[in-house]
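Asker: In order, the protein sequences belong to chains A and B.
Just so we're aligned, residue 1 is where the first sequence starts under the UniProt record's numbering, counting upward by one.
Just so we're aligned, residue 1 is where the second sequence starts under the UniProt record's numbering, counting upward by one.
Since the hints were made in silico from the structure, they are not lab data.
Be aware that one or more of the hints could be misleading.
Put simply, identical chains are the same to the list, so a pair is met inside one copy or across any two.
[Stated by the list, open to error] With a straight-line Cα cutoff of 25 Å, these simulated SDA-like cross-link-like pairs (lysine to any residue) come out: (1) Lys235 <-> Arg183; (2) Lys235 <-> Val40; (3) Lys235 <-> Ser48; (4) Lys235 <-> Thr114; (5) Lys235 <-> Arg195; (6) Lys185 <-> Asp224; (7) Lys235 <-> Arg166.
Number of protein chains: 2
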Amino acid sequence: MIEIDDPADPRLDDFRDLSTADRRPDRPGGRGLVIAEGVVVVERLLRSPYPVRAFLGVRRRIEALGPDLPAPAYVTSADVMAEVVGFHLNRGVLAAADRAPRLDPEALAESSRTLAVLEGVGDHENLGSLFRNAAALGVDGVLLAPGCSDPLYRRSVRVSMGHVLRVPFAHVDHWPGGLDLLRDKGFTTVALTPRADAVALADAGLRGRRVAVLLGAEGPGLSDAAIAAADVAVKIPMAEGVDSLNVATAGAVAFYAIV
Amino acid sequence: MIEIDDPADPRLDDFRDLSTADRRPDRPGGRGLVIAEGVVVVERLLRSPYPVRAFLGVRRRIEALGPDLPAPAYVTSADVMAEVVGFHLNRGVLAAADRAPRLDPEALAESSRTLAVLEGVGDHENLGSLFRNAAALGVDGVLLAPGCSDPLYRRSVRVSMGHVLRVPFAHVDHWPGGLDLLRDKGFTTVALTPRADAVALADAGLRGRRVAVLLGAEGPGLSDAAIAAADVAVKIPMAEGVDSLNVATAGAVAFYAIV
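Just chain A, same shape as in the assembly (with noise of 0.2 Å):
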């Protein structure tokens, strides 16, 4: 633990103004640490595969961190906290890490019995409550087919409270053609979508197999190619007049349902 008065000193720049640094850690300086927010989420990325820079936080919440932190502790007021960070964070504790080589999107189906595969998902608040939902809902991992935003955005990491740093996920590049790796491995690919020709959910006779969920983003929903390429087409039924549900919400309903 660290004592710093000073918001100028550069140990602190890896939290640096984050609305601004943070937002396009694809653009020049933008660097794409990974950032956590709070008590939860930083233990999260504790028992994740990021490995952890540097902590920031008052001295209370570094402390119920527990003894035997990975990396300096950079223990400071809420008021210095707030100038280095370029806002108030009411959670008093902050983690950077830095990401980890991508998965294999074979190797994490191998070990998956359930995945969801998004497409398109580019809404930073949706992926995050997917995350969160996949989590919860006993969802294996997460495979990310084009269009999709960064889950490890810090906006996505703190609506999924975490669990887009637990629950492993991969990118697939050749879409849709790439889920024939899905099949060669024995998964059922399911579409959600509300077309009306789509079989019901509960009649699809999915519960207890190896599947994969496929969601696109709310609004468009998945691609006509997508539905195509997938075993069934599904959809959760629906009241007159309502049009859909959001697209995290129809992944938990989906998640619930078959798992």
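Following the hints, put chain B in place on chain A, whose structure we already have.
Answerer: For chain B alone, kept in the frame of chain A given last:
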């Protein structure tokens, strides 16, 4: 359709400074109007019991609502709208309506087969999402126990996609004693809780029965008194290391499993 160019025109007062004026309708100056944003939500307002006072929008959006509108439609530019409302609206049309008389909870229970009963849900987004999920998954009405915020706040209306305007709700003031009125009408009252000793949702034999699902705020969950007053405590089985789902998501899973 009435063209207005002057943002100070008093006919636009229902739409003035929405971000502050409608935040606390219970405060002096707060008028508690129902505000609908965007064509889809305004259309739901038009099929609701809330009497529309006026519309405000750019010509294209007002026209999308169709002819024979039941109140004056003020047409203006996006810039004048932003000046009146106090922020930039990307949905291009608003409607303001009066509230309707509160429904009687007994009458609502009488006419319902499945109900959601919310305790202490103070978060406007969660409240709006719960109404959206209730509407989609065939819940007939919502009872609001103490501690819930106002479903007709603008933010809840928006997040619900306008479904707070269509799913009927009533207030239960006597709590949890008011649950007796549901039991008298043949409802099984079901407390949704992550408690370890609760029955798994799938094993509770609820499908097809007349059920009222009790949901508490994210974080604290249902009060002990509410759980004790319910006929049965039910849980959504969750994976190791995950504490809970978002309350609106948990509601969606329960509504799906029961209705």
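Asker: All the hints need checking, so say for each whether the structure fits it.
Answerer: A quick look at each hint next to the structure:
1. Lys235 <-> Arg183: within (21 Å within a copy, 33 Å between copies)
2. Lys235 <-> Val40: Classified as between: cross-chain Cα gap 22 Å, same-chain 35 Å, threshold 25 Å.
3. Lys235 <-> Ser48: So Lys235 and Ser48 fail the 25 Å test inside a copy (34 Å) and across (27 Å) alike.
4. Lys235 <-> Thr114: both (18 Å within a copy, 21 Å between copies)
5. Lys235 <-> Arg195: Answer is within; shortest intra-copy Cα gap is 7 Å, inter-copy 31 Å.
6. Lys185 <-> Asp224: Within. Shortest intra-copy distance 24 Å satisfies the 25 Å Cα cut-off; inter-copy 47 Å does not.
7. Lys235 <-> Arg166: between (28 Å within a copy, 23 Å between copies)
Violated hint for the displayed structure: number 3, the only one.
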